[in-house]
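Novice: One letter stands for each residue in the lines below.
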Amino acid sequence: MFLTRKAEFSASHVCANPAWSADRNQAVYGNNANPNGHGHNYVLEVTLTGDPDPVTGMVFDLRQLKEILNREVVDPMDHRFLNKEVPPFDRVIPTTENLAVEIWKRIEPQIRRERVHLHNVRLYETADLYVDYGGEQ
Amino acid sequence: MKLTSRYRFSASHRLDTPALSPEENRRLYGKCNNPHGHGHDYVLEITVDGPVDQDGQVVNREALDGVVRERVLAPLDHKNLNADIPELAGSVSTTENLATMVRGALADGWTLPARLARVRISETARNTFELEVG
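Same order as they appear, the protein sequences are chains E and A. Position 97 (the first sequence) corresponds to 97 in my numbering; numbering is contiguous. Position 23 (the second sequence) corresponds to 160 in my numbering; numbering is contiguous.
Chain A on its own, in the form it takes in the complex (with noise of 0.2 Å):
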């Protein structure tokens, strides 16, 4: 049985790599290259996957809720992920690379029983990604 769980958070960035010079990202991201940022409310979905348990449940709804609050929720939520994510440094803060960043953030160290299946993340209502885990 799989269980999904959809939680919400709000955060600017704005995507530009050092690999490419300003004119070239300014045509690689349009929009989203614009010099001071912008920001979205993303949505996030969270499934986990297992048998139901003795309680009749896959997992504990407070137990998920705290995992994804403490690890993803507090961490992104009206940030800049440009600015205030270390794990993000690096990379462009695509909702690819924010979803596989959400990924790893949930997977390390993951104790809940039910299996931590798949990530969503939706950028706005047209854009979604996902990652399957395991």
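With the rest of the complex left out, here is chain E (with noise of 0.2 Å):
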């Protein structure tokens, strides 16, 4: 069974690399590296698979769910300059598909069981575009 929880954050970025010239960093991210950042609300919506647990009839605790992607997500995120306030965005280019990777590593490890773990990571950088990351194949 799959079970899926949301979450959203809001969050300022700016999609650039340091190392190249401001022509070569608008032809590969376009409008996203405009140097003082620029904002989206980030919608997350985490997928986890597993069998009911027998007793509790639940494959994960969903207030468990929540404290963890409210800790590993939400608490360190919403509203903050992920370039200048998130690590490893600092070196790591904040993209909505490195920011899913990023997510999954940090969520992963607290979400698996014996008879539970998370299946995929879907991001929304707007409402008409997102990335599913389902963890290093």
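Just so you know, not all the hints are guaranteed correct.
Pair by pair, the computed Cβ-Cβ distance ranges are [stated by the list, open to error]:
no., chain 1, residue 1, chain 2, residue 2, range
1, E, Pro18, A, Gly227, 51 to 57 Å
2, A, Glu269, E, Gly30, 56 to 62 Å
3, A, Ala220, E, Val43, 36 to 42 Å
4, E, His38, A, Glu233, 37 to 43 Å
5, A, Thr261, E, Glu114, 41 to 47 Å
Just so you know, these hints were derived from the structure itself, not from any lab. Keep in mind the model is a prediction, meaning the values are calculated, not measured. Quick reminder that beta carbons are idealized off the backbone N, C-alpha and C, glycines included.
Assembly of the complex is requested from the two constituent chains, each provided in isolation within its own frame, with the hints serving as guidance.
Specialist: See the structure below:
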């Protein structure tokens, strides 16, 4: 069975490689390279897969899942400038792809149980653009 | 990693097949067979799949948008699917056939580094058609 929980956070970022010229950054990242940053209302959907616990009837305790998402993602990232305030994005360019990988790394070890594991991280940058990440293949 | 980008286009069409009589067309397609046609605000979702490159991207957004704009949105937006789209000539302009046409328009000569993985079209908020690629 799959279980999906949603969380939201709003943050600003700049996607630019400091080693490159402004023109090259503009060519690769478009508007996302504008130097002073801009923001998004990110929507995160994490999907877990596993069998319901025979005693509780639950795949995962939703209150615990909410706490993990708050502690690892929402509290550190909400209303922050990702490049300046949320490592590793002082060194790693905070594209939606890299953000999804970082979220996976933060939450996956805390979700893994004998009968449950993280299946997918879906991160919407806008309502019209999202990535799906299922861990390293 | 998969990346999905959503686009919109508006077009008119009429469902009617010469293989059936006018009465049979009316019965089969219902309102969609009304003689003067009707329109929809279609929602198109394109999914590409591949590794995250050294720029931190599965695909360059503007490159993807450019391909979709040039090969799908420009030919289809504010057009009559029955009259204006040569690739649909001879087939009924169902969203199934439209999705197949869009998949072909994108897949033929696809040069982006990420693989085209899925084409999804919503005719209305209630009807969605999805094609896996490859």
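Novice: Hints first: check each against the structure and report whether it holds.
Specialist: Hint check:
1. E:Pro18 x A:Gly227: 51 to 57 Å: 55 Å, holds
2. A:Glu269 x E:Gly30: 56 to 62 Å: 29 Å, violated
3. A:Ala220 x E:Val43: 36 to 42 Å: Between A:Ala220 and E:Val43, where Cβ atoms are some 39 Å apart, the hint holds.
4. E:His38 x A:Glu233: 37 to 43 Å: 39 Å, holds
5. A:Thr261 x E:Glu114: 41 to 47 Å: 44 Å, holds
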